[in-house]
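Trainee: Following the hints, position chain B against chain A.
Protein chains: 2
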Amino acid sequence: MSKREMILDALQELLYEGTAGTASVQDIATKAGIAKGGLYYYFKSKEEVLDALVERQYSNVIETCRTKLAAVDAPALEKIKLLLYFYRSTEVDRAIDVALHEPQNAAIHQKSMVFILRQLSPIVGEILQQGVEEKIFTCDQPEQIAEILLSPIIFLLDPGLFTWTDQEVQLKLKALAQMLEASLQAPINSFAFLYENWTQQKLK
Amino acid sequence: MSKREMILDALQELLYEGTAGTASVQDIATKAGIAKGGLYYYFKSKEEVLDALVERQYSNVIETCRTKLAAVDAPALEKIKLLLYFYRSTEVDRAIDVALHEPQNAAIHQKSMVFILRQLSPIVGEILQQGVEEKIFTCDQPEQIAEILLSPIIFLLDPGLFTWTDQEVQLKLKALAQMLEASLQAPINSFAFLYENWTQQKLK
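Here the protein sequences line up with chains A and B, keeping their order. In case it helps, the numbering used here puts the first sequence at residues 1 to 204. In case it helps, the numbering used here puts the second sequence at residues 1 to 204.
Bound conformation, chain A alone:
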């Protein structure tokens, strides 16, 4: 294993232990079993280690979604549905997810939300563009619309930030579906999959 990976593993362990938020560069280096100077060879700051760890965690999830999606030949609307399904069913390390919602790990949590938005936006943007070519969507700015539609999903519906009831989540998803149908000039109820059977979707 490379030293870089050892450093990331060390921070990940501190995350499990709940001390990642307050850990110093020295603490991370000690945990990794290397000298502080060794850590600085790979990372300029604790910030950079956090960045790299979040990237490693989530790039696997995103890459899985991208690969599965690339193997599918389907219309745009079906692809959006599939992307949502792949994303929800790809295993995210449960302990990491819980740790991310601890207040002391808020910085890492924020980075993960930013990373997910940045990584998913081009994928969703491409699907929207495909929908334009299929003449099912009308959309001048697929990339920006992708970012805007992902913002409420990643931020407003984050269970660590807000504590909505299932019914409240469903109402928000219904409003989002209707906004998307109207702004993309998509068929009525074509985005109903976002909110239909929400409770069952959640249990998957």
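Simulated from the structure, these hints should not be mistaken for laboratory data. Where hints are given, some of them may not hold.
Ranges between beta-carbon positions, derived for each pair [as the list claims (entries may be wrong)]: (1) A/Arg88 <-> B/Met1: 45 to 51 Å; (2) B/Ala74 <-> A/Asp97: 44 to 50 Å; (3) A/Ser2 <-> B/Pro159: 30 to 36 Å.
Beta carbons: idealized from backbone N, C-alpha and C, even for Gly.
Mentor: Relative to the frame of chain A, chain B by itself:
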């Protein structure tokens, strides 16, 4: 000054000093010049002190917007424009704003984003409802639409989370304006004020 306010002032000072993220309950009590037990009389945890401080900081800004808006008799579209103007021109303590974007204060930053969304949504929702009554908007779920439209503004356009160029921000606001016009069935370009003269707006 009440002890409660003294405790909030203490945490605010730690925020200025950049040590709020790692400060213990004892550190906050010491800074406030009171016993740890005294702090626990008002707050169950450091978390609760953070909550209260963010609430104090931002409730003033929101309250100012609400009061100014209540004094105005204007159509819904004009009120949304005014709300945006009031919000941008209400003085937020610059040092607090900078401190909120330090990684060690990420938990407080997240709480501020959640608080702003929760406080602004009903205000925007009421304006959307007024627009429905004026027959300028069509909207079944004004409250949810308000939350969805505020999500990209609060999350995606947060300069501490993302580093977009002015041109990128303008493109995102343009896409948001077009989504709102389409989904509210509002007149074309009625939300153009969101992105027009963006650079000048920013300088205000």
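Trainee: Now tell me, hint by hint, if it's right for this structure.
Mentor: Hint check results:
1. A/Arg88 <-> B/Met1: 45 to 51 Å: 50 Å, holds
2. B/Ala74 <-> A/Asp97: 44 to 50 Å: 45 Å, holds
3. A/Ser2 <-> B/Pro159: 30 to 36 Å: 34 Å, holds
Comparing the model with each numbered hint stated earlier shows that all of them hold.
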